[in-house]
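Undergrad: Take the given structure of chain A and dock chains B and C to it, following the hints.
Chains as they are written, first to last, in my numbering: chain A, 1 to 319; chain B, 1001 to 1278; chain C, 2001 to 2343.
There could be a bad hint or two in this list.
Per the computed footprint, the stretches of chain A lying under chain C, defined by three or more beta-carbons under 8 angstroms from a beta-carbon of chain C, are [to be verified]:
(1) 26-38
(2) 203-216
(3) 234-245
(4) 268-281
No more than 27 angstroms apart at the CA atoms, straight line, and that leaves these computed lysine-lysine pairs for DSS-like [said to hold, decoys possible]:
(5) Lys4(A) to Lys2227(C)
(6) Lys1271(B) to Lys2215(C)
(7) Lys2075(C) to Lys1093(B)
Hints were generated in silico from the structure; no laboratory data involved. Quick reminder that beta carbons are idealized off the backbone N, C-alpha and C, glycines included.
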Amino acid sequence: MQDKLREIVRKMLSDGDIEYFVGYCQGSEAHRIVPCFVTEESEVEKLVWGPLCLQNLSKYVLRTRDLDGKVGVLVKGCDARALVELIKQHQLERDDFVVVGVACEGQVDPRKLERELGVPLEQVGGIEDGGDEFLVHVGEETRKVAKEAVLRDKCFFCKHPPSFDCDYTVGEPEPFTIESDRSEFAGVEELEELPLEERRAFWRKQFERCIRCNACREVCYACYCTECLFDRNVPRWLDRPPLLEENEIYHLIRAVHLAGRCIDCGECERVCPVGIPLSRLYKKVQKDIAELFDYQAGMELETVPPLVNFDLDDQDPFL
Amino acid sequence: MKDNIYLPSIATVKEVRPETPDISTFVVTFDESELRESFTYRPGQFAELSIFGVGECPIGIASSPTAEGLLEFCVRAVGTVSNAIHDLEVGDKLGVRGPLGNSWPTKEIEGKDLLFIGGGIGLPPLRSLIRYVLDKRDRYGAVQIVYGARSPQDLVYKEELREWDECPDVDLHVTVDVGDETWEGPVGFVPPFLKEINPAPENKVAFTCGPPIMIKLVVDALGEMGYADANIITTLEMKMKCGVGKCGRCNIGDKYICRDGPVFSFEQLRKIPGALEV
Amino acid sequence: MEKKKITKADVTRWLDQIAEKYELIGPTEDEDVVQFRPVNSGAELTLDYANSLIPPKSLFFPQVEGLFSFQKRGKEIELEEAGPLERDRVVVGIRKCDVESLSLLDRVFLDDVEDALYKERRERTALIALACPTPPRASCFCTSFGIDPLSPKGSDILLTDVGEVYLVDVVTEKGEQLVAVAESLFSKVTEKEAQDLQPPPVEMPELDLSELREKLETLWEDGYWEKLSLPCLGCGICTYVCPTCHCFDISDVGSETDGVRYRCWDSCMYNDFALMTSGVNPRPTKRERIRNRYFHKFSAFPSRYGTNYACVGCARCLVHCPGGVEITEVIKDILAKEGVSEG
Chain A
1 MQDKLREIVR
11 KMLSDGDIEY
21 FVGYCQGSEA
31 HRIVPCFVTE
41 ESEVEKLVWG
51 PLCLQNLSKY
61 VLRTRDLDGK
71 VGVLVKGCDA
81 RALVELIKQH
91 QLERDDFVVV
101 GVACEGQVDP
111 RKLERELGVP
121 LEQVGGIEDG
131 GDEFLVHVGE
141 ETRKVAKEAV
151 LRDKCFFCKH
161 PPSFDCDYTV
171 GEPEPFTIES
181 DRSEFAGVEE
191 LEELPLEERR
201 AFWRKQFERC
211 IRCNACREVC
221 YACYCTECLF
231 DRNVPRWLDR
241 PPLLEENEIY
251 HLIRAVHLAG
261 RCIDCGECER
271 VCPVGIPLSR
281 LYKKVQKDIA
291 ELFDYQAGME
301 LETVPPLVNF
311 DLDDQDPFL
Chain B
1001 MKDNIYLPSI
1011 ATVKEVRPET
1021 PDISTFVVTF
1031 DESELRESFT
1041 YRPGQFAELS
1051 IFGVGECPIG
1061 IASSPTAEGL
1071 LEFCVRAVGT
1081 VSNAIHDLEV
1091 GDKLGVRGPL
1101 GNSWPTKEIE
1111 GKDLLFIGGG
1121 IGLPPLRSLI
1131 RYVLDKRDRY
1141 GAVQIVYGAR
1151 SPQDLVYKEE
1161 LREWDECPDV
1171 DLHVTVDVGD
1181 ETWEGPVGFV
1191 PPFLKEINPA
1201 PENKVAFTCG
1211 PPIMIKLVVD
1221 ALGEMGYADA
1231 NIITTLEMKM
1241 KCGVGKCGRC
1251 NIGDKYICRD
1261 GPVFSFEQLR
1271 KIPGALEV
Chain C
2001 MEKKKITKAD
2011 VTRWLDQIAE
2021 KYELIGPTED
2031 EDVVQFRPVN
2041 SGAELTLDYA
2051 NSLIPPKSLF
2061 FPQVEGLFSF
2071 QKRGKEIELE
2081 EAGPLERDRV
2091 VVGIRKCDVE
2101 SLSLLDRVFL
2111 DDVEDALYKE
2121 RRERTALIAL
2131 ACPTPPRASC
2141 FCTSFGIDPL
2151 SPKGSDILLT
2161 DVGEVYLVDV
2171 VTEKGEQLVA
2181 VAESLFSKVT
2191 EKEAQDLQPP
2201 PVEMPELDLS
2211 ELREKLETLW
2221 EDGYWEKLSL
2231 PCLGCGICTY
2241 VCPTCHCFDI
2251 SDVGSETDGV
2261 RYRCWDSCMY
2271 NDFALMTSGV
2281 NPRPTKRERI
2291 RNRYFHKFSA
2301 FPSRYGTNYA
2311 CVGCARCLVH
2321 CPGGVEITEV
2331 IKDILAKEGV
2341 SEG
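In isolation and in its complexed conformation, chain A is listed as follows (with noise of 0.2 angstroms):
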């Protein structure tokens, strides 16, 4: 699949129907997967493809809005949502971008894996698609990890949009499946059912140890804000010392912003340094939304966000 996508990327570079292609390639680390912008035909073969390929490429067909030349993005099914969300949402032209859809298996939570193997991730060199099982290089042997044991929380619900269409496709991109019994909100029903002062306390004590290094906003494809409200001096919202109250405040707003627009991509979670478990408090809005306005963000390019439309039908328990 690998050279199926770097043969695609090197003719349309060549043909000079694109500048820039934003993939994935290999960082100092075989665990570690980058983002990459390859420009030249020779960068082309520094492209990969694999079960750790994480990040959500759709946030940089926003960065090179202030290029000059076209983009082309790689995008796994669920990363397409965003492309849809950012169409609807008037950031991005269809025309604008050329996007290559790559068939996934499911993706590795790190974390999972570093727990499941019980060495620290350093010591992987590798990892494959092995069907229902991932193929995963540990110093000389190749050890089989079951799927259902370290799959990112994402691929177990695996949604693609439907009415998306891909300039190109490496693989045949289809929603992933897999035989499990978790549920999707499960995480949020479980919250659900706690006393109130419980489901307080929980996120109490998540929000203590953010540090507000704000990188759950920078990596999201919804906060594309010139100007963010929590950076505005005037009025000042928010300071920027992490105290608890604040920091609260922070996530309980970038929730609510992200009402109708979150496509569960997980980013966030990923890159939060300290591991709190942003999903649970998104999946919540997914499912609010999703019973308010029977609505998924993502999914089809003709219907209209509900927080930016009304109608006469709507239901609002909440007034």
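TA: Then chains B and C, alone, in the frame of chain A:
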């Protein structure tokens, strides 16, 4: 300065002089009598002015140290702190932390002819040096001042400009970008105005302060007129916070504008990567 | 420098005793993340760890620190500074890279205009360093900066884990005072014994940085920075986890009648860091800001303070960058450059 380098001293506003619709001069004295007597500074230095609860902002000291017991600050109301300073009345108090930064090279320029080129709110930092020079007149050569503002209303130190105009020892030229019914003087931007006046570079040091675009064009003009970079001196504006070279905010290259500056010659600035992109 | 040894069990007892007289701070693990926190006993510590997320610079230059409080009554304003630290402090488990970073931060905070808050913390804190294990974390590259992870230099005591016991290097008088807190738990070690127990030098891939500054300074206008800035998200994690970063913001909180002026960490990677009220921004895009970061670490800081590079090779920035910017790769790219190019 106290042990806690972030702790301001309390001062009281003695006089408020509106200069233009958005610029006023504030004359302040320290509350502590010992500090009033012992506080010294050099022309070109600045202080961080505090409005507690709002914040601090760096303002050049516009008075000359030859005027004892008081400090003058010329503040334009443009941000949260400067607007809060504009709400101060005589008798109100504020914090003053300083003196900070380096200063105009008063010793090195003795015996030379001096050319001051200012634009708008750029005149107050120059004024500290001009007043110092005029108070120690026999140490310095000819004094020439070229100043411009957006309109006659926006000229700062209108009284002083009249004083300098009447002084036989000072060659003053004032222009405005756009005139009005009352204005009888020259009209035009400072850089072309300067070229018309065409002051000769021999034995002369030029000091300039004003909006970045004006400085750029003025320096280009001075270069064309034969001024060496080492003899063109400016004071840089940068976002500052601590004022003592630690917080990194005013850092350009290996310099802290609050410690190694804000006064720099253009010879120095050309060697600092990124300084002239400001 | 006399060497001693202490068993693993006794180390905990010794630290318990220290915790009675001093504020004891060390690495503790909470949900897979190790941070330096104050503890009441040795058992709360986790000394079997790679490195902390937030570097221990936070103990000397805290993320949030009150500078003074202010009160306004009528026209009168009163300012009050915070009191001194309640107790002397002992930081245990600090790695050599982080010890080295403190020497670099000393140059900033203790230059000719001394920062009294930092100074007090530095003077009233003893450092019990913990030698790094072999092999070190794969991303570490401190030796490239001439740092020896087994060296006791800069700390008051160095503990080296040699299996059943810790070898104990007592470096300073402060260190001696700490040992004296529970003298009987330590046993002497002969020179030969010490030599036998001493682990071999820690080996890690090393970069030759002798030409880094010179090369870097030719690349100000190079197109490399534009390319490097593309994956950068401008989130600021690199500056928060970096042991040598020291930028901060000063701000007031409260009202005009009662409040506090504090300082807190800030990041040069944020768009509004150097943005002036007039609207002029000396570093308006990610390209200028990422270039500034590398120039600061490898050119401006050494130039201003006469030190080695302002990086200690801990690789925290590399490990945590969401955009995959890797400092080791940037260094290699700079060293490989032959003159200025478009990028």
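Undergrad: Which hint numbers doesn't this structure obey?
TA: none
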